[in-house]
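Asks: If you want the building blocks of each chain, they are given just below.
Number of protein chains: 4
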Amino acid sequence: MIHEECGVFGIWQRESGPVANDVYAGLFALQHRGQEAAGIAVSRRGVFRHHKDVGLVDEVFSEGALDRLGEGNIAVGHVRYSTSGSPGRANAQPIVVRHRKGNMALCHNGNLINSAELREALEMEGCIFHTTSDTEVIAFLITRARLKCGSIEEALEKTMNRIEGAYSLILMSPSKLLAARDPRGFRPLCMGETKEGGTVFASETCALDAVGARFVRDLDPGEIVIADRDGIRSIRSHCGTAPRALCVFEYIYFARPDSVIDGASVHRARIRAGRFLAQRHPVSADVVIGVPDSGLDAAIGFSAESGIPYDIGLVKNKYIGRTFIAPTQTQRERMVRLKLNPVRHVLAGRRVVLVDDSIVRGTTLAALIRLVREAGAAEVHVRISAPPFLHPCYYGTDIDSEDKLIAVRHTVEETAGLIGADSLGYLPVEDAIKLPLRQEKYDPDQCGLCTACFDGTYPTAIPEQGSKNRFEQPIAE
Amino acid sequence: MIHEECGVFGIWQRESGPVANDVYAGLFALQHRGQEAAGIAVSRRGVFRHHKDVGLVDEVFSEGALDRLGEGNIAVGHVRYSTSGSPGRANAQPIVVRHRKGNMALCHNGNLINSAELREALEMEGCIFHTTSDTEVIAFLITRARLKCGSIEEALEKTMNRIEGAYSLILMSPSKLLAARDPRGFRPLCMGETKEGGTVFASETCALDAVGARFVRDLDPGEIVIADRDGIRSIRSHCGTAPRALCVFEYIYFARPDSVIDGASVHRARIRAGRFLAQRHPVSADVVIGVPDSGLDAAIGFSAESGIPYDIGLVKNKYIGRTFIAPTQTQRERMVRLKLNPVRHVLAGRRVVLVDDSIVRGTTLAALIRLVREAGAAEVHVRISAPPFLHPCYYGTDIDSEDKLIAVRHTVEETAGLIGADSLGYLPVEDAIKLPLRQEKYDPDQCGLCTACFDGTYPTAIPEQGSKNRFEQPIAE
Amino acid sequence: MIHEECGVFGIWQRESGPVANDVYAGLFALQHRGQEAAGIAVSRRGVFRHHKDVGLVDEVFSEGALDRLGEGNIAVGHVRYSTSGSPGRANAQPIVVRHRKGNMALCHNGNLINSAELREALEMEGCIFHTTSDTEVIAFLITRARLKCGSIEEALEKTMNRIEGAYSLILMSPSKLLAARDPRGFRPLCMGETKEGGTVFASETCALDAVGARFVRDLDPGEIVIADRDGIRSIRSHCGTAPRALCVFEYIYFARPDSVIDGASVHRARIRAGRFLAQRHPVSADVVIGVPDSGLDAAIGFSAESGIPYDIGLVKNKYIGRTFIAPTQTQRERMVRLKLNPVRHVLAGRRVVLVDDSIVRGTTLAALIRLVREAGAAEVHVRISAPPFLHPCYYGTDIDSEDKLIAVRHTVEETAGLIGADSLGYLPVEDAIKLPLRQEKYDPDQCGLCTACFDGTYPTAIPEQGSKNRFEQPIAE
Amino acid sequence: MIHEECGVFGIWQRESGPVANDVYAGLFALQHRGQEAAGIAVSRRGVFRHHKDVGLVDEVFSEGALDRLGEGNIAVGHVRYSTSGSPGRANAQPIVVRHRKGNMALCHNGNLINSAELREALEMEGCIFHTTSDTEVIAFLITRARLKCGSIEEALEKTMNRIEGAYSLILMSPSKLLAARDPRGFRPLCMGETKEGGTVFASETCALDAVGARFVRDLDPGEIVIADRDGIRSIRSHCGTAPRALCVFEYIYFARPDSVIDGASVHRARIRAGRFLAQRHPVSADVVIGVPDSGLDAAIGFSAESGIPYDIGLVKNKYIGRTFIAPTQTQRERMVRLKLNPVRHVLAGRRVVLVDDSIVRGTTLAALIRLVREAGAAEVHVRISAPPFLHPCYYGTDIDSEDKLIAVRHTVEETAGLIGADSLGYLPVEDAIKLPLRQEKYDPDQCGLCTACFDGTYPTAIPEQGSKNRFEQPIAE
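Respectively, the protein sequence lines represent chains A, L, E and F.
Note that the first sequence covers residues 6 to 482 in this note's numbering.
Note that the second sequence covers residues 6 to 482 in this note's numbering.
Note that the third sequence covers residues 6 to 482 in this note's numbering.
Note that the fourth sequence covers residues 6 to 482 in this note's numbering.
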């Protein structure tokens with residue numbers, strides 16, 4: 006499974022109030038983007054309080070922990086899945102910086118490609134890093150820029166001219182809330198307005214819904230937006246222009262289906278993926294089923310386009326959680342069974358179209374196909390709502406190493422045989438870039454997508470091999 | 006929401022092995038039947054070890070806790086939702102009895118209707134109860150019967166002649182595993198066989214699947230089955246005959262859709278509910294959506310019967326758990342929002358059929374309908390895959406008090422108005438009893454269902470008002 | 006080390022108030038009598054609340070736990086060291102009985118000698134035991150006696166006629182507080198009066214001091230005292246007379262030195278033990294030191310009688326607690342070092358008298374003598390403020406099995422050689438019975454002591470070998 | 006009560022082994038120097054692992070936590086009582102620095118007087134501080150010095166030329182263990198040798214005893230000692246000379262009586278304090294008692310000099326711990342009672358000399374004197390084994406603010422009246438400096454003591470008022 010990366014959320018309002026509760030709700034809606042750690046920082050008249058730890062949002066934040074954060078008029082929060090930096094409490098965000106030139110809390114979604122070089126230079130100037138995350142590099146750059154700048158937004162501009170790669174940032178100073186998106190817009194970031202007139206920034210629109218905020222607009226690539234007592238200001242001039250390159254996998258898997266990213270519904274994109282699959286890889290079958298939860302939308306699209314009835318053929322145990330005891334090697338088949346159980350009545354004697362969102366190594370899908378056949382399926386035709394993974398991602402996605410990706414080593418036919426499918430069809434890359442159906446006001450020429458993991462066309466220079474983990478030297482906690 | 010009651014699981018095998026792991030897997034598959042407490046007891050050469058506590062199965066059983074249970078050749082387990090007895094650790098099951106006449110571990114799903122009388126008599130004979138549950142009454146009756154009986158199965162027979170109501174029991178003695186179902190078969194109980202030839206009893210077939218066991222058959226109402234070194238024996242003669250009365254709500258809501266109960270697929274029963282609804286309450290609309298998760302099957306059935314397209318209109322946050330912070334009264338609307346978020350693109354401008362499994366007070370459904378309308382739905386037609394709740398249940402289901410049931414106090418039209426629906430249709434009781442489509446070998450005359458909560462026709466005498474909680478005197482822990 | 010047994014505490018007052026806080030303070034003062042588990046039960050207008058768990062008093066009772074107990078006008082509490090019954094939460098006290106004939110909370114210090122017979126009879130009458138402790142036997146006897154009695158005090162009288170052995174009991178009914186002491190007075194039990202006129206019962210007077218209560222008197226052997234709205238009543242006629250036999254080891258080691266038991270100061274008794282030792286086993290030496298903490302009083306007495314200066318030669322690390330990591334076999338010497346470190350300056354070149362309270366196996370004392378010699382002591386003369394242990398105790402003291410007692414297998418001279426002492430002297434039994442110096446009003450003929458562990462003269466019949474643990478059948482939790 | 010500050014411990018040995026266990030034992034012996042937090046860092050072939058948290062040593066280090074640290078050949082550890090820096094996990098030590106120029110773990114006992122100035126300068130050069138402790142200032146200075154130095158010892162030399170105040174440091178690099186003491190030797194630091202030939206540094210000799218190490222010598226003021234594969238080297242030339250000024254309160258209260266500091270036994274120093282008191286403030290009395298634990302040694306000295314018998318008049322509850330529930334204002338008297346209970350038999354009708362180590366506000370002592378009188382004491386003569394506190398300490402001791410020190414506001418006679426004593430005598434400053442009785446090899450002219458808190462003679466310049474807490478800005482965790 007390709008893992009999600011991170012989610013960010015921030016709120017500014019004129020009057021002090023329980024803003025931590027809003028961030029809690031927003032992070033809860035963004036939980037799918039990171040389940041490893043969570044954190045919230047609150048500013049109350051410039052005084053910061055924060056709490057962060059490893060765990061899910063509702064594990065990290067007991068009612069007492071939220072109460073201790075207290076009221077305030079600005080707050081930011083983060084859910085983390087580690088793409089760089091080892092896991093653990095030290096790498097949880099927000100990163101809170103206390104400094105004579107002004108305190109700051111920083112939340113970051115994405116991956117820099119030049120963080121190794123920047124970090125080396127900073128250490129040689131006498132900086133001591135406490136984490137292994139890119140985010141601390143950004144924190145040092147902003148803090149050191151502030152020594153020479155008049156304002157935090159100037160310091161942020163200068164920093165954006167030095168960092169390269171994918172980032173959506175939300176920053177809190179004692180009096181301001183700032184959001185910034187990298188010049189290619191790799192990761193989503195949107196802005197909303199609460200019923201009370203406050204300003205909200207979030208990774209996805211589902212987090213705006215969670216706090217009852219109205220969607221205002223997406224941030225433009227390379228844009229900084231500042232919310233403070235003087236209102237909302239935008240800065241766009243500082244870091245040049247670059248072709249937009251939103252990660253297409255946000256539509257295919259990462260984002261929640263109820264979110265709308267850069268003007269396009271995620272659910273509709275997935276329905277379209279299913280329709281494209283039905284057009285490109287038609288098959289004669291009796292029933293279409295999806296692998297819960299992320300294959301369901303595309304399965305409905307495939308059914309609608311093909312006319313083959315949709316049904317529920319696999320039931321997911323909704324109590325599967327992180328604490329479930331890891332099975333021994335011989336119990337792995339049971340693990341799949343515990344998570345997904347076939348509905349015999351739907352599958353027995355049927356020719357089944359099974360829709361899933363992606364194939365990484367193929368082992369889980371193979372086990373699933375065995376289950377479906379044991380339940381009596383006559384044929385199993387697999388349709389994948391993404392192109393095959395062939396290349397590494399440097400922008401914050403945890404794609405497996407190339408030598409383990411089944412599509413790198415095997416043809417489609419070989420793969421079908423390995424996983425035990427009667428047929429196998431992937432979504433072509435040319436269809437993938439058509440998944441988001443944008444509202445009219447969006448200029449299609451400005452709406453490029455990053456498909457590097459499928460076709461190797463990277464929007465930026467790429468770092469030397471192995472650099473992603475070069476700071477992972479062993480100082481264990 | 007009507008709450009599930011309890012789930013039971015037991016395993017016997019010839020050789021000693023990690024039977025606790027099997028019970029763990031079985032209970033995990035039955036988790037939907039009770040989330041309040043869990044427990045497992047293991048017999049190793051007649052020596053019992055057990056562990057139980059409040060919490061979900063994977064919270065109660067860390068890897069260390071499972072290891073400490075050790076190996077054995079018999080084990081039983083239980084997941085609990087309290088229908089009688091206050092919550093808390095003391096009421097968790099299995100109840101382990103240590104006694105000179107033989108040790109015993111007891112798991113129970115159901116509710117007795119004469120437990121108050123039995124308990125009073127036992128106390129006046131000098132018994133001291135440590136819990137408030139019906140199960141301890143059964144434990145005392147069996148133990149005292151054993152003082153005069155040759156065997157535990159005889160003691161169980163005698164006990165079944167004294168207790169009245171709904172029960173599916175699994176018992177472990179140092180050398181035997183026993184299962185018993187009440188004479189009306191209110192609660193499901195089935196038998197399976199593991200690949201190694203062991204015997205498994207479970208509340209639902211999905212738990213057999215979880216341990217890779219083959220379904221053998223359902224227990225008959227009033228039957229006792231014993232598994233030990235001499236093989237499998239059945240006792241049927243001891244407690245007379247009574248019309249079968251399986252709880253119909255097992256098909257509508259309680260059981261998992263991938264289970265098969267008394268010969269009928271639960272998923273198919275729900276698909277049929279949707280089809281019946283489309284026949285009885287047709288409507289002109291653009292899309293059919295279900296309330297996740299329990300309304301989805303019926304929504305697909307409604308779509309198939311009506312021809313109106315099925316789609317995903319509400320996305321459920323899968324991280325919603327028990328530790329989520331309870332919202333204040335003013336935040337309750339946000340709570341619904343956090344759990345379920347509409348997919349605007351699916352609903353905007355559409356005439357929507359919204360399928361749910363039941364209405365209790367109507368407040369949650371009303372909030373949901375507001376969300377759907379806010380997302381732009383032109384019309385909202387609600388279809389409920391159960392008849393209206395009108396009467397209390399004495400057999401282990403936690404239906405709200407009558408004065409809070411919306412259907413008791415309001416007509417269908419009034420209810421539609423109160424929840425804000427353009428139309429509302431319930432499943433008629435005459436269709437409800439047709440939901441299970443049994444395999445041919447089942448004699449339909451023998452397959453009655455209990456529909457007392459809908460029509461007030463109770464299969465047994467009913468206890469005096471208020472007796473359910475008469476032992477809930479205040480000795481807090 | 007001989008372990009303490011248990012401590013009991015109870016309070017009754019006219020008005021409702023924070024009585025749980027008083028029990029907490031009382032139990033904290035009695036903590037030395039049992040460190041394994043603690044519990045408190047409170048009655049508020051007849052409604053019981055209780056909390057108990059394994060751990061020290063301040064571990065079991067967080068501020069929240071005390072608050073949840075709430076206010077009341079009667080409360081009882083217990084600290085436990087297991088002398089019969091396996092450890093664990095189930096055996097913690099008070100035992101709270103909920104029964105149609107009246108609720109009850111029971112605390113017990115001591116050991117019955119006929120509990121096995123009583124338990125067998127009760128089980129054969131259909132009782133189910135949940136613990137392995139004597140206390141539950143008493144609870145069943147009282148409860149069953151109440152079925153035929155008018156009052157709880159009558160039921161207690163009847164029960165005292167059936168149980169044999171050592172017990173100091175404190176009971177709470179919804180409206181009464183009762184205390185009772187066995188006919189021989191093996192274990193201490195005293196009564197006090199709070200500043201507000203309430204009645205307190207406790208194992209030792211130091212617990213009266215802890216709540217600022219005035220000492221009133223010790224309970225007489227065989228006496229029941231009842232405190233309720235009608236005042237204080239005493240019952241003495243029910244269980245015959247027997248020679249008094251207070252455990253002499255209460256003076257030597259168990260009780261706190263600041264307590265006064267049956268009219269005699271514990272501290273003074275220990276000072277006298279030191280003086281007797283100096284008379285019986287004089288030696289030419291330079292300094293007298295005691296093994297902290299229980300050898301210090303006797304060392305001061307030895308110094309005062311002999312004229313040899315007293316000094317502090319061993320410093321105890323006061324942070325030694327139960328969670329300290331158990332050392333491996335090779336680290337055991339380090340463990341003694343971590344607990345007790347010699348003061349080189351006091352010992353180097355000196356002839357040392359080392360006073361300790363008892364020798365069980367001799368291994369710890371041998372390690373200690375090695376430490377003292379390493380610190381430069383020229384000679385080490387050991388004086389023990391108790392006679393040698395030669396016989397098992399059936400009255401609630403955890404004396405090691407006979408085959409491990411060093412004094413059973415070796416002469417005094419052999420023992421001195423084994424532990425590495427230059428000389429060794431025990432307190433003679435004829436001096437031990439003179440340790441308590443009672444106030445004049447106590448009739449010496451009525452003040453016998455139990456010295457069975459030293460001389461084998463048991464005040465009661467003794468149970469068959471092994472019966473102490475015959476209920477420790479393996480039903481692990 | 007004046008609080009202890011911190012304890013440091015380090016070990017180097019040639020071969021890899023369970024060095025974390027040695028540090029654990031050493032820290033456990035130093036626990037009296039800091040109960041707020043504890044930490045250990047281990048180097049295994051240059052790879053660092055560390056663990057630290059708030060809590061006592063045996064709370065922070067479960068057996069699993071020690072195991073996870075693994076084996077190694079160098080390790081350092083720290084127990085903390087916060088004298089600067091807010092409490093909490095972030096300020097726990099060792100501070101582990103990961104840097105391109107070499108990793109480092111740092112432990113620090115003491116207080117700098119110029120840390121505010123140093124920190125300001127570092128922040129203006131772009132440093133970001135994560136804690137509020139002086140130790141991080143030292144960590145930055147060493148790290149930045151290393152950018153220009155060949156070795157860590159050179160960097161340490163340069164750093165010692167910039168920092169002013171009290172410090173005993175232990176540092177670990179991947180291959181070296183270093184210890185350093187400030188030029189005045191405010192805080193103790195000694196060196197020992199393990200049986201296997203390893204090198205140990207510790208705050209006190211009792212920690213050497215705990216690991217079975219032989220005492221080698223104290224570090225000289227201003228000295229750096231380095232242990233590595235090339236043996237042991239000393240650097241003394243780098244930071245000039247200054248009169249030695251060991252904190253006299255180490256002898257009076259901080260250190261353990263079984264420790265030997267700069268050649269003088271702590272126990273003997275306290276015995277001498279008692280003897281001086283008997284000479285300076287003689288009194289006619291019947292018994293001498295000490296306030297446990299720190300008044301006991303001086304009480305024995307007073308008894309020996311005066312001929313008045315020593316006895317145990319106050320019994321300390323040894324289960325008093327940090328989790329004991331804080332009493333409400335009205336319960337404070339009970340709190341003293343729970344901690345210390347008088348032995349009535351020793352005190353009743355007697356003229357009592359009560360010896361304690363110091364008076365801060367006088368409230369606890371007043372409560373204690375009330376207890377002693379309630380127990381029947383005829384007279385209470387208080388003798389204090391320290392001079393009166395009159396001035397603040399800037400070197401790491403937590404003396405209360407001047408306006409709360411009873412001796413600042415009241416004469417000795419007034420104080421006696423306020424606390425309820427019949428007479429009161431302090432140790433004169435001229436006697437205090439004679440407490441340590443050094444071995445002959447120590448040159449008395451080189452053995453000055455810091456007595457600034459008694460006489461205001463500060464060995465260094467002192468910081469501006471209030472600077473101690475100037476970094477305690479509110480960024481709560």
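Rather than coming from a laboratory, the hints here were simulated on the basis of the structure.
A couple of the hints might just be wrong.
Given that identical chains are not distinguished, each listed pair holds provided it fits within a single copy or across any two copies.
Unchecked claim - EDC-like, lysine to aspartate or glutamate: derived pairs with alpha carbons at most 16 Å apart: (1) Lys106 - Glu128; (2) Lys106 - Asp361; (3) Lys321 - Glu122; (4) Lys344 - Asp63; (5) Lys106 - Glu159; (6) Lys163 - Glu125; (7) Lys163 - Glu64; (8) Lys321 - Asp361; (9) Lys409 - Glu128; (10) Lys200 - Asp361; (11) Lys323 - Asp298; (12) Lys181 - Glu435; (13) Lys106 - Asp405; (14) Lys321 - Asp298; (15) Lys409 - Glu20.
Asks: Now look at each hint and say whether the structure bears it out.
Replies: Verification of the hints:
Taking the closest pair of Cα atoms, Lys106 and Glu128 come within 16 Å of each other only across two copies (8 Å); inside a single copy the shortest separation is 20 Å, beyond that limit. In this homomeric assembly, Lys106 and Asp361 never come within 16 Å of each other (Cα to Cα): the closest approach is 51 Å inside a single copy and 49 Å across copies. For the identical chains of this complex, Lys321 and Glu122 are neighbours neither inside a copy (45 Å) nor across copies (42 Å), given an alpha-carbon limit of 16 Å. Proximity of Lys344 to Asp63 under the C-alpha cut-off of 16 Å is restricted to the inter-copy arrangement: shortest distance 13 Å between copies versus 22 Å within a copy.
In this homomeric assembly, Lys106 and Glu159 come within 16 Å of each other (Cα to Cα) only inside a single copy, at 13 Å, whereas the closest approach across copies is 32 Å. When the C-alpha separation of Lys163 and Glu125 is checked against a cutoff of 16 Å, the pair qualifies neither within a copy, at 19 Å, nor between copies, at 24 Å. For the homomeric pair Lys163 and Glu64, neither the shortest alpha-carbon distance inside one copy (37 Å) nor that between copies (46 Å) is at most 16 Å. When the C-alpha separation of Lys321 and Asp361 is checked against a cutoff of 16 Å, the pair qualifies only within one copy, where the shortest distance is 14 Å, while the shortest distance between copies is 19 Å.
Proximity of Lys409 to Glu128 under the C-alpha cut-off of 16 Å is found in neither arrangement, the shortest distances being 35 Å within a copy and 46 Å between copies. Taking identical chains as interchangeable, the C-alpha atoms of Lys200 and Asp361 are never at most 16 Å apart, the minima being 39 Å within one chain and 30 Å between chains. Taking identical chains as interchangeable, the C-alpha atoms of Lys323 and Asp298 lie at most 16 Å apart whether they share a chain (10 Å) or sit on different chains (9 Å). In this homomeric assembly, Lys181 and Glu435 never come within 16 Å of each other (Cα to Cα): the closest approach is 42 Å inside a single copy and 60 Å across copies.
Taking the closest pair of Cα atoms, Lys106 and Asp405 never come within 16 Å of each other, the shortest separation being 42 Å inside a single copy and 32 Å across copies. Taking the closest pair of Cα atoms, Lys321 and Asp298 come within 16 Å of each other both inside a single copy (8 Å) and across two copies (10 Å). Proximity of Lys409 to Glu20 under the C-alpha cut-off of 16 Å is found in neither arrangement, the shortest distances being 53 Å within a copy and 40 Å between copies.
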